[in-house]
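S.K.: Chain by chain, the residues:
There are 4 protein chains.
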Amino acid sequence: MSVVTTPQFDQPLKIGTHVLKSRLIVGTGKYETFEVMQQALELSGSDCLTVAVRRERLYDPHGRNILDYIDLDRYTLLPNTAGCYNARDAVRTARLGREILEGLENPGADWVKLECLADTKTLLPHPVETLIACEELVKDGFQVLCYTTDDPVIARRLKDLGAAAVMPAGSPIGSGQGILNPNNIRICLEYLKDGDPDFPVIVDAGVGAASDVAVAMELGVDGVLLNTAIAHAEDPLRMAVAMKCGIEAGRMSHLAGRIPKRLYASASSPEEGVIGQKPAPRWEAAHD
Amino acid sequence: MSVVTTPQFDQPLKIGTHVLKSRLIVGTGKYETFEVMQQALELSGSDCLTVAVRRERLYDPHGRNILDYIDLDRYTLLPNTAGCYNARDAVRTARLGREILEGLENPGADWVKLECLADTKTLLPHPVETLIACEELVKDGFQVLCYTTDDPVIARRLKDLGAAAVMPAGSPIGSGQGILNPNNIRICLEYLKDGDPDFPVIVDAGVGAASDVAVAMELGVDGVLLNTAIAHAEDPLRMAVAMKCGIEAGRMSHLAGRIPKRLYASASSPEEGVIGQKPAPRWEAAHD
Amino acid sequence: MSVVTTPQFDQPLKIGTHVLKSRLIVGTGKYETFEVMQQALELSGSDCLTVAVRRERLYDPHGRNILDYIDLDRYTLLPNTAGCYNARDAVRTARLGREILEGLENPGADWVKLECLADTKTLLPHPVETLIACEELVKDGFQVLCYTTDDPVIARRLKDLGAAAVMPAGSPIGSGQGILNPNNIRICLEYLKDGDPDFPVIVDAGVGAASDVAVAMELGVDGVLLNTAIAHAEDPLRMAVAMKCGIEAGRMSHLAGRIPKRLYASASSPEEGVIGQKPAPRWEAAHD
Amino acid sequence: MSVVTTPQFDQPLKIGTHVLKSRLIVGTGKYETFEVMQQALELSGSDCLTVAVRRERLYDPHGRNILDYIDLDRYTLLPNTAGCYNARDAVRTARLGREILEGLENPGADWVKLECLADTKTLLPHPVETLIACEELVKDGFQVLCYTTDDPVIARRLKDLGAAAVMPAGSPIGSGQGILNPNNIRICLEYLKDGDPDFPVIVDAGVGAASDVAVAMELGVDGVLLNTAIAHAEDPLRMAVAMKCGIEAGRMSHLAGRIPKRLYASASSPEEGVIGQKPAPRWEAAHD
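Residue numbers (our numbering), protein chains in the order written: chain A, 1 to 288; chain B, 1 to 288; chain C, 1 to 288; chain D, 1 to 288.
Looking at chain A on its own, in the form it has when it is part of the complex (with noise of 0.2 Å):
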């Protein structure tokens, strides 16, 4: 087990009544084989995969079904509303994978990724259809997490609509630009971590190297989302490895409280050296 997720440096990330150990959740598309995939889940540490449950997307071309090459005992499954387009649809997809899950009596049938899109060219997120969908259903008993954009209004209305965590795009899927927008993640994190600092915040989609997810998890947000980033890299082994460190990375270099930026230092003294005139360090609670 990692040192960051002992309880001196950190604490599990809680959404709804779910408690992950790694703030790394990962998809399962996209990969080449099963086999593959399968390798890089364990090699990302995660212990939650969001699945598309669409029948259509279960099975590969030999007719294989996903579910028979993830260890149910060993993963939290967040069944995922992906190839939707409107709010209907989402909410049917949601529904089967519930009765899936169900069937699987696996404990990821209470939650859902909702997940929305404006079309097939840009996969850019439906913010209207996402709003419907949530609504609906949050009514129908789901903890809904809602991938949406960076939009901070649309942020919020979806957590008062009753979403359990809110899951901002960086950049559009699969692009691999990372965080185009810090400033609105910012404004995302004000609005909905006002008087409620544990409401989970993700960044779900964008990301292209490691440096991008440590970046994210510094803006403060409390876990990342990602799929093409591991499955179409050149060596997923190794990207799976590269997206635990970098979630790991950010995660305690948020805590940390890194040092101002500034246009030059200067060498204030000739005693300055060995020992420094920094504030007494403090030794604190994850939660700045």
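Keep in mind the hints are simulated off the structure, nothing from the lab. The model shown is predicted, which means the values in this text are computed figures rather than measured ones. Hints should not be assumed to be uniformly reliable.
Note that identical chains are pooled: a pair holds if it fits in a single copy or bridges any two copies.
Computed list of lysine-lysine pairs in PhoX-like fashion (alpha-carbon distance at most 25 Å, straight line) [to be verified]:
{"id": "1", "residue 1": "Lys139", "residue 2": "Lys261"}
{"id": "2", "residue 1": "Lys14", "residue 2": "Lys159"}
{"id": "3", "residue 1": "Lys193", "residue 2": "Lys139"}
{"id": "4", "residue 1": "Lys193", "residue 2": "Lys14"}
{"id": "5", "residue 1": "Lys159", "residue 2": "Lys21"}
{"id": "6", "residue 1": "Lys261", "residue 2": "Lys121"}
{"id": "7", "residue 1": "Lys21", "residue 2": "Lys193"}
{"id": "8", "residue 1": "Lys159", "residue 2": "Lys193"}
Dock chains B, C and D against the given chain A, drawing on the hints supplied.
M.R.: Frame of chain A, contents of chains B, C and D only:
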């Protein structure tokens, strides 16, 4: 031991005759107390520490010698010439360091981090004095690791003079600005690794957060050297862990081969989903 | 008259039935005095001013009406709904503006800048209320210029609802951060100009300096709307000139077709120098 | 004449004994034809042209001399040492230029743009050879404008050696990457203008688009020198206009004093709107 240091995932870092397991080299200055320093160094995962060997820097205000607080069996020491502003001082300080480490029978006696600065205001490197000192120290039998600006022409000249490693600054010492000019680091790598892919290039100075370390490593440098970012973080221990993870994140991300950046990615076909169309994964040696 | 407005160099900007010589639209709020405002507006080169038409915004503390300080023969007025936080207020304010401008027999009576914000803290646009108000105002015969976020999906929906122009924010109103997410602006342009290259896309809000205006125009937008950057600059008159130049710089730079970015360029041959090998220059119409 | 060159708005640029109305200096190389060059130079608004004076660069493939295509009454010529890779060649070429311009009785005979490169692959400046050549040329009575990297320490040394102006690169020649390291340009300005605010600092090389020029000027440099960005643009004439506007935009924006950057700005009060609370505008001399 971390998975990333297994032969399957990476090779150790070789600098001259020295072999390092961790790609993170950490400084020992500016800590609040020697005790905090000891814990941070251990958590950083580094096996190579750089120490300022000018006499006034070896002792703290209580007359305690920093070397008494470092486990010499655990770490390779890299003496540095911090506090030198011309070639003559730097050469003399390097020789002083050699004497001290020979007295300790420490293997770090044969190498030195050359740091020759222009002034106390900005702590920028002095390119010309650095060139002079490098040449002198190489003649004197040292394995010289040269701290320098990110100017690729100076960097190449230092290698031509016999430097064992070239260490361009990401940004000014203590500034916390990270890698200000990735373009220059890329040209340094082209110049220095042309026909010599194992020549060590190490980013030294400017790092503020763990994501900076990851960004540096993703550019393809062989390691990162830092000090202030850990020593002056609000919580140096968590930041030490962050930097350990950051270096592994960036290194693995570099070796893994990231996905390309796109304006957006499209859903290529209805079948797109579980199984991708990417080329077969390669599982190859660390050097790409 | 500036060279850039000659037919040889550019075409005028058309928004609905309105034709503007300058591609800079400026606000009239936040100036220290009406006299400074008058000078700044003239120096900006703009021929279109946007005016907040809620009654409490038309008058200054001395009871003077801003409209008495604007040369209505010189400028086309664009009434706006600043200060509105829901669709109903925005629609009512738009109608109020129409009445006022009809009373003045000003051609700006038939259009409106729709601005419908989410809250007074961040001044971010409210996407859903903006959609509702846009639809209503279009039905009511207005030519609607919609201020909105940079979300391409909302932007496209506004066009589908009949907006005469879509005006994504570069960054939050008054933030001075420029274009935070060029990627989103590019996708907005793809969506909105697909098969309709003359559809006007205008960056509204967030600009701080003249370079921000140039960057926006180089992305290919048709114009920029700004207010605070001039009104709250230390010297609003020089900044007005700066913005005039910035819009022409960016527009010409976009139409000219910039050189590609390279890590570096090489001296291709000894002959390289006076006469290049680039393809014959094209001298074509403004749209590329 | 542009409004920005009136005494109310700005002062002319003084470099040594030369006084320039425009803050844009343009090169004369790489144009498709001399005729396009002539038009572009005129549209750029520049009154100072830099010309490569090595013999093989003065003539085109048809044996025509570039100097026959430049109106010597209109432009001050600035001879440059393009094509030189060591101090000796650069000094010799500078002297050759002096002879040629003396023969033309051109006032540019007494100054030179020193360009001494490291290699033909990257066209980066050679810092050490540049220092040597600068010292030699100053002794020889030249007013030397030194092209150099953005390294503040080398820049300061060039000034100490007697340079009339220091011209740091924004990025490599012809790369079109703009200002890669604003931090270094800022430290150059601190070093070079300390107690000497009129000392000319000019960004030379790397500019790709008009926004790059504006960004450079907003940092506080006194001018920009460029060539490829116009000569190799798809449409050099429009780009010449763009650069003229970009330099004025950036200069005015710098002098005007921009608004601060904020995460967001709030509506401060219901009265906020027409009349702001900012301090009285200052209307002062160009130097701030």
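S.K.: Please go over all the hints and tell whether each is borne out by the structure.
M.R.: Verification of the hints:
For the identical chains of this complex, Lys139 and Lys261 are neighbours neither inside a copy (46 Å) nor across copies (39 Å), given an alpha-carbon limit of 25 Å. In this homomeric assembly, Lys14 and Lys159 come within 25 Å of each other (Cα to Cα) only inside a single copy, at 16 Å, whereas the closest approach across copies is 41 Å. In the homo-oligomer, the alpha carbons of Lys193 and Lys139 lie at most 25 Å apart inside one protomer (23 Å), although the nearest pairing across protomers, at 39 Å, exceeds that limit. For a Cα distance limit of 25 Å, the shortest separation of Lys193 from Lys14 inside one copy, 14 Å, qualifies, whereas the shortest one across copies, 44 Å, does not.
In the homo-oligomer, the alpha carbons of Lys159 and Lys21 lie at most 25 Å apart inside one protomer (23 Å), although the nearest pairing across protomers, at 45 Å, exceeds that limit. For a Cα distance limit of 25 Å, the shortest separation of Lys261 from Lys121 across copies, 16 Å, qualifies, whereas the shortest one inside one copy, 39 Å, does not. When the C-alpha separation of Lys21 and Lys193 is checked against a cutoff of 25 Å, the pair qualifies only within one copy, where the shortest distance is 21 Å, while the shortest distance between copies is 41 Å. Proximity of Lys159 and Lys193 under a CA criterion of 25 Å is satisfied intra-copy only: 10 Å inside one chain copy versus 34 Å between copies.
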